[in-house]
Amino acid sequence: MTDCLFCKIAAGEIPSDKVYEDDDVFAFKDIHPKAPVHVLIIPKQHVATLTDAKDPALLGMLMDRVRKIADEVLNLAKGYRVIINVRSGGGQEVFHLHAHILGGKVLPF
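Position in the sequence shown (from 1) plus 15 gives the number in this note's numbering.
A few of these clues could be false.
[As the list claims (entries may be wrong)] Cross-link-like lysine-lysine pairs, in silico, PhoX-like; alpha carbons within 20 angstroms at most:
id : residue 1 : residue 2
1  : K49       : K23
2  : K59       : K23
3  : K93       : K23
4  : K44       : K33
5  : K93       : K83
6  : K69       : K44
7  : K23       : K33
8  : K93       : K49
9  : K59       : K33
10 : K44       : K59
11 : K69       : K93
12 : K49       : K59
13 : K59       : K83
14 : K120      : K44
15 : K23       : K83
16 : K33       : K49
17 : K33       : K69
Since the hints were made in silico from the structure, they are not lab data. Here the structure is a predicted model, which is why all the values come from computation and not from measurement.
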């Protein structure tokens, strides 16, 4: 999608603080972190929201990469939180499916 902020970040058209990249996903630090570690993981395939993700394999792959990035790249052995905001009523601001990994401290509920 040509006007999508996250598609442009994944394509390298907009700079980001990259944490991880492979053929399927791109992960980068959030510019407004809510925890000492706050990383966004996006599929390179544009999907607007979780509701629009009709491919279970895409969702499984995304969650597998969340686990891999949190455990192997970010070393969040003490734990972390995964958040997916869905639509504007759920707090989604950029309409490209993405998961937030938050960690680096004990997170309150």
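Verification of the supplied hints:
no.	hint	result
1	K49 x K23	23 angstroms, violated
2	K59 x K23	10 angstroms, holds
3	K93 x K23	33 angstroms, violated
4	K44 x K33	7 angstroms, holds
5	K93 x K83	15 angstroms, holds
6	K69 x K44	27 angstroms, violated
7	K23 x K33	13 angstroms, holds
8	K93 x K49	17 angstroms, holds
9	K59 x K33	14 angstroms, holds
10	K44 x K59	16 angstroms, holds
11	K69 x K93	33 angstroms, violated
12	K49 x K59	24 angstroms, violated
13	K59 x K83	17 angstroms, holds
14	K120 x K44	16 angstroms, holds
15	K23 x K83	24 angstroms, violated
16	K33 x K49	17 angstroms, holds
17	K33 x K69	27 angstroms, violated
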